[in-house]
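Full structure from sequences and hints, please.
The primary structure of each chain is shown beneath.
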Amino acid sequence: MAPHAAEAMEGDARRERLRLLALSSPAFLLVFVVLLIPVGWLFFLSFIDKDGFTLSHYARLWQNDAYFEIFRVTFLSSFLVTVLTVVLGYPLAYLLSQLPRRAAIIGLTVVLLPFWTSLLVRTYAWLVLLQRKGLVNSTLMSLGLIDEPLNLVYNMSGVVIGMVHIMLPFMVLPLYATMRSIDPGLMRAAISLGAPRRKAFFTIFAPLSLPGVIAGSLLVFIYCLGFYITPQVLGGGRINLVSMKILENATIYSDWGAASALGVVLLVVTLLLFKAIQMIVPVDRLMGRS
Amino acid sequence: MMDMDSDPTVSHLRRLWLYLYCLAVAIFLLAPILVVIPMSFSPSEFLEFPPSSLSLRWYQSLFNSAEWTGAAIISLKAAVLTVLVATPLGIAAAYGLQYSEMGIAKLVRSLLIIPLIVPVIIVAIGVFYLFARLNLVNTLTGLVLAHSVLALPFVIVVVSAGLQRFDINQELVARSLGASRLKAFRTVTLPQIRPSVMSAALFAFITSFDEVVVALFVSRGPSSTLTRKMFTSLRDQVSPAIAAISTILILITFLLALAALASARGDKAQKS
Numbered sequence: 298m299a300p301h302a303a304e305a306m307e308g309d310a311r312r313e314r315l316r317l318l319a320l321s322s323p324a325f326l327l328v329f330v331v332l333l334i335p336v337g338w339l340f341f342l343s344f345i346d347k348d349g350f351t352l353s354h355y356a357r358l359w360q361n362d363a364y365f366e367i368f369r370v371t372f373l374s375s376f377l378v379t380v381l382t383v384v385l386g387y388p389l390a391y392l393l394s395q396l397p398r399r400a401a402i403i404g405l406t407v408v409l410l411p412f413w414t415s416l417l418v419r420t421y422a423w424l425v426l427l428q429r430k431g432l433v434n435s436t437l438m439s440l441g442l443i444d445e446p447l448n449l450v451y452n453m454s455g456v457v458i459g460m461v462h463i464m465l466p467f468m469v470l471p472l473y474a475t476m477r478s479i480d481p482g483l484m485r486a487a488i489s490l491g492a493p494r495r496k497a498f499f500t501i502f503a504p505l506s507l508p509g510v511i512a513g514s515l516l517v518f519i520y521c522l523g524f525y526i527t528p529q530v531l532g533g534g535r536i537n538l539v540s541m542k543i544l545e546n547a548t549i550y551s552d553w554g555a556a557s558a559l560g561v562v563l564l565v566v567t568l569l570l571f572k573a574i575q576m577i578v579p580v581d582r583l584m585g586r587s
Numbered sequence: 142m143m144d145m146d147s148d149p150t151v152s153h154l155r156r157l158w159l160y161l162y163c164l165a166v167a168i169f170l171l172a173p174i175l176v177v178i179p180m181s182f183s184p185s186e187f188l189e190f191p192p193s194s195l196s197l198r199w200y201q202s203l204f205n206s207a208e209w210t211g212a213a214i215i216s217l218k219a220a221v222l223t224v225l226v227a228t229p230l231g232i233a234a235a236y237g238l239q240y241s242e243m244g245i246a247k248l249v250r251s252l253l254i255i256p257l258i259v260p261v262i263i264v265a266i267g268v269f270y271l272f273a274r275l276n277l278v279n280t281l282t283g284l285v286l287a288h289s290v291l292a293l294p295f296v297i298v299v300v301s302a303g304l305q306r307f308d309i310n311q312e313l314v315a316r317s318l319g320a321s322r323l324k325a326f327r328t329v330t331l332p333q334i335r336p337s338v339m340s341a342a343l344f345a346f347i348t349s350f351d352e353v354v355v356a357l358f359v360s361r362g363p364s365s366t367l368t369r370k371m372f373t374s375l376r377d378q379v380s381p382a383i384a385a386i387s388t389i390l391i392l393i394t395f396l397l398a399l400a401a402l403a404s405a406r407g408d409k410a411q412k413s
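For the protein sequence lines, the chains are A and B, in the order given. For what it's worth, the numbering used here labels the leading residue of the first sequence as 298, then goes sequentially. For what it's worth, the numbering used here labels the leading residue of the second sequence as 142, then goes sequentially.
One or more of the hints may lead you astray.
What the hints assert, rightly or not - Have a look at the derived ranges for each label pair, beta carbon to beta carbon: (1) G319(B) - R485(A): 53 to 59 angstroms; (2) V380(A) - R376(B): 27 to 33 angstroms; (3) E208(B) - L483(A): 57 to 63 angstroms; (4) F372(A) - E208(B): 37 to 43 angstroms; (5) I168(B) - L352(A): 49 to 55 angstroms; (6) S317(B) - V380(A): 54 to 60 angstroms; (7) V221(B) - L440(A): 32 to 38 angstroms; (8) R156(B) - E366(A): 41 to 47 angstroms; (9) F372(A) - S194(B): 46 to 52 angstroms; (10) P493(A) - E186(B): 58 to 64 angstroms; (11) E545(A) - T280(B): 20 to 26 angstroms; (12) I245(B) - E307(A): 15 to 21 angstroms.
Stated by the list, open to error - The list that follows gives simulated cross-link-like pairs (lysine to any residue, SDA-like), each with its CA atoms no further than 25 angstroms apart: (13) K572(A) - M243(B); (14) K247(B) - E307(A); (15) K496(A) - V384(A); (16) K218(B) - V330(A); (17) K496(A) - L396(A); (18) K247(B) - F571(A); (19) K324(B) - A319(A); (20) K430(A) - S185(B); (21) K218(B) - I393(B); (22) K430(A) - P336(B); (23) K247(B) - S185(B); (24) K324(B) - P336(B); (25) K430(A) - R198(B); (26) K572(A) - I245(B); (27) K572(A) - F329(A); (28) K247(B) - L320(A); (29) K218(B) - L277(B); (30) K247(B) - L317(A); (31) K430(A) - P446(A); (32) K572(A) - S251(B); (33) K430(A) - K218(B); (34) K247(B) - R306(B); (35) K430(A) - R306(B); (36) K496(A) - M484(A); (37) K430(A) - S374(B); (38) K247(B) - L570(A); (39) K496(A) - R477(A); (40) K572(A) - L396(A).
Honestly, the hints are just simulated from the structure, not real lab data. All of these numbers come straight from a predicted model, not from anything done at the bench. Virtual Cβ for every residue (Gly too), placed ideally from N, Cα, C.
What follows is the structure, given as structure tokens:
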């Protein structure tokens, strides 16, 4: 083939690649204008006050005890929710991964039904269930387990229960995907070689399922950090999280500097944790299975 | 050597605690749905479970309320428009980024996935700040633009997964036989990734329909969406009317999920 023809082909291939890339430009433009510009703007606002450049918004986050408390409660509730979703989700995912496919699909439907149900509907349901005269309290009382109704809602326990319910599918689905991919032959081999089941589980299955646990936990944790709706409704204003403070600063006080600085801190923590997840499991795999 | 695990009775008995534990978790997962539906048929002003008798009182009051039906119509409009914006944009982006072998494609892709990772509260105040300057607050356009950004990552991820299972050579053959690029895509590629496109559209619909935080900022007063209005009324009172709306929402989601499932099944049956 003549050299100029080869060059022309290469030029064609290049143009083809560019044309394909250009197909993503409308989507990119939308995300750029509606998300990246405003977030960049907030970043800028967090370093600015009426006199120009300042670090005062960040200094306030650092010095003010109220902010410290908000961060403490946010991290604490996110941590509790993450631990509880592992405790509840791991055995469920394990059982599902050991069942024959057909039975597992029925089990997964139980996980997916709430996953597909409106977040607000589930939050509302928990508000009803956990009330002083709600179903949970009346059941516990009729069983004689408690004499007085417990305060289950408009406090930390309500927030955590509701968030665990919302987050559980996000834990079970990646766990299930990881556990399904573990070769069952490994466990059988260990047992047939004389290992007690328990030992085989802890030395073989548990370590192999660890990437799923870590990915699921990080996913749940970062979702919890920025969670607004469920903790707002079930906390009844008594539990203050970072997301609520951002909203309050922006809308009630119109203090964009403070709102932005908080937002930037939340965003940076979230992105760092997300980067950590990506190193363990690609996002597409987490999402593709749900 | 006898494999102990192949004896089901032993293993079932040994796993009894596991079954019970998982049953409890399943009840926890399903409890909210199972409680809300019966409660919506209660005639009482207060929430009672189980309801003392059955009535459609709250459904009637909902359908007679211009406020609630208006909010439902706004939500439906926003969700349908979000599907119409996010699905084609997402398909084009997923397709282009999948086959363009340029290094920058990877970066563009991760930027397009970003709305999934950024906490919604940050998206919401950012969008609010921008829209206030563009006079887009409390408009359907603004709401649809914001919801489309939130829905795009889902569309891109789901459609990319579909494209990965598709052999692009089929489209190239169609084009080498004279079909235009668009025609080749429409008649060869699109039908084969249809299940992914359907579930992407479903994701986009639900993302918009279920969204509250952005709507809190950019759809107020008479342009409130259904979920936004529910959220505000939850702060004031816990009325059985909300249980009725919730039941309707649960029903809609299930019907959509069933439709998506049926269409995926149909495609499979067609292929085999």
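Hints and how they fare:
no., hint, result
1, G319(B) - R485(A): 53 to 59 angstroms, "holds (56 angstroms)"
2, V380(A) - R376(B): 27 to 33 angstroms, "holds (29 angstroms)"
3, E208(B) - L483(A): 57 to 63 angstroms, "holds (60 angstroms)"
4, F372(A) - E208(B): 37 to 43 angstroms, "holds (39 angstroms)"
5, I168(B) - L352(A): 49 to 55 angstroms, "holds (51 angstroms)"
6, S317(B) - V380(A): 54 to 60 angstroms, "holds (57 angstroms)"
7, V221(B) - L440(A): 32 to 38 angstroms, "violated (48 angstroms)"
8, R156(B) - E366(A): 41 to 47 angstroms, "holds (44 angstroms)"
9, F372(A) - S194(B): 46 to 52 angstroms, "holds (47 angstroms)"
10, P493(A) - E186(B): 58 to 64 angstroms, "holds (59 angstroms)"
11, E545(A) - T280(B): 20 to 26 angstroms, "holds (25 angstroms)"
12, I245(B) - E307(A): 15 to 21 angstroms, "holds (18 angstroms)"
13, K572(A) - M243(B), "holds (23 angstroms)"
14, K247(B) - E307(A), "holds (21 angstroms)"
15, K496(A) - V384(A), "holds (19 angstroms)"
16, K218(B) - V330(A), "holds (22 angstroms)"
17, K496(A) - L396(A), "holds (21 angstroms)"
18, K247(B) - F571(A), "holds (17 angstroms)"
19, K324(B) - A319(A), "holds (18 angstroms)"
20, K430(A) - S185(B), "holds (15 angstroms)"
21, K218(B) - I393(B), "holds (15 angstroms)"
22, K430(A) - P336(B), "violated (46 angstroms)"
23, K247(B) - S185(B), "violated (57 angstroms)"
24, K324(B) - P336(B), "holds (19 angstroms)"
25, K430(A) - R198(B), "holds (22 angstroms)"
26, K572(A) - I245(B), "holds (19 angstroms)"
27, K572(A) - F329(A), "holds (21 angstroms)"
28, K247(B) - L320(A), "holds (14 angstroms)"
29, K218(B) - L277(B), "holds (16 angstroms)"
30, K247(B) - L317(A), "holds (13 angstroms)"
31, K430(A) - P446(A), "holds (7 angstroms)"
32, K572(A) - S251(B), "holds (11 angstroms)"
33, K430(A) - K218(B), "violated (38 angstroms)"
34, K247(B) - R306(B), "holds (19 angstroms)"
35, K430(A) - R306(B), "violated (53 angstroms)"
36, K496(A) - M484(A), "holds (10 angstroms)"
37, K430(A) - S374(B), "holds (20 angstroms)"
38, K247(B) - L570(A), "holds (20 angstroms)"
39, K496(A) - R477(A), "holds (20 angstroms)"
40, K572(A) - L396(A), "violated (33 angstroms)"
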